[in-house]
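Protein chains in written order, with the working numbering: chain A, 1 to 115; chain B, 1 to 115.
Keep in mind that the hints were calculated from the coordinates and are not lab data. Among these hints, one or two may not hold up.
Unchecked claim - Going by beta-carbon spacing under 10 Å, a handful of chain B positions derived as facing chain A:
1) S32
2) F34
3) P40
4) E42
5) L46
6) K49
7) F62
8) F89
9) T101
10) G106
As the list claims (entries may be wrong) - Keeping only pairs whose Cα atoms sit at most 27 Å apart, straight-line, the calculated DSS-like set for lysine-lysine is:
11) K107/B to K7/A
12) K107/B to K60/B
13) K65/A to K7/A
14) K107/B to K65/A
15) K56/B to K77/B
Keep in mind that this is a model prediction, so the values were computed, not measured. Backbone N, C-alpha and C fix where the C-beta goes; we use that ideal spot for every residue, glycine too.
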Amino acid sequence: SAVISQKPSRDICQRGTSLTIQCQVDSQVTMMFWYRQQPGQSLTLIATANQGSEATYESGFVIDKFPISRPNLTFSTLTVSNMSPEDSSIYLCSALRGGSTDTQYFGPGTRLTVL
Amino acid sequence: GNSVTQMEGPVTLSEEAFLTINCTYTATGYPSLFWYVQYPGEGLQLLLKATKADDKGSNKGFEATYRKETTSFHLEKGSVQVSDSAVYFCALTYNRNSGNTPLVFGKGTRLSVIA
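Put together the whole structure using the sequences plus the hints.
Take a look at the structure:
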């Protein structure tokens, strides 16, 4: 398995500001993903964080709102830009190793509240 | 497209009762199937998985069998405990032409076990 940490674990932010969430994996992984879990809802994939290239976004999510970086094989950041109360969610990163495994391991999540 | 449907909760059971949480899926090809669990205030943890038809995943007394003929992956446990109270997510992953393998989640089923 992979051990994944996220920072911050939670934050309360003002409308119009931005927050950057960090995700660190304890070993090199081939793929990293960012998900959003709105209150009482399931998880929705925001984007795939590609190492050394631009992230691949899912329908309904755009780079201007959710810029993502992945400078190496163990680290990624997600920024939630120009926040509004509708962005209040839990944001989770996950990692997938290559090879025969297709199991994603998740970080503990970042609980964001936008006032 | 690919989707997961799981029974809606909440489910409330007495300790030592038998648990079934139904999950069916729609997918092209041969997805891998997963159950994740989210304990109160925590991130997602992988509970069990199955990667091909007739595989049985098991962990912590929970079991689920990959049934291709009925496109199902129902979660069962013979005797639940209070500590099993959590939200359970059924999910599948599939290979896309781009090579990445995102997870598609069901809506989650909240289980409450009372002593």
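Going through the hints against the structure:
no. : hint            : result
1   : S32             : holds (5 Å)
2   : F34             : holds (7 Å)
3   : P40             : violated (12 Å)
4   : E42             : holds (6 Å)
5   : L46             : holds (6 Å)
6   : K49             : holds (6 Å)
7   : F62             : violated (16 Å)
8   : F89             : holds (7 Å)
9   : T101            : holds (6 Å)
10  : G106            : holds (6 Å)
11  : K107/B to K7/A  : holds (26 Å)
12  : K107/B to K60/B : holds (22 Å)
13  : K65/A to K7/A   : holds (19 Å)
14  : K107/B to K65/A : holds (25 Å)
15  : K56/B to K77/B  : holds (13 Å)
Of the numbered hints listed earlier, those contradicted by the structure are 3 and 7.
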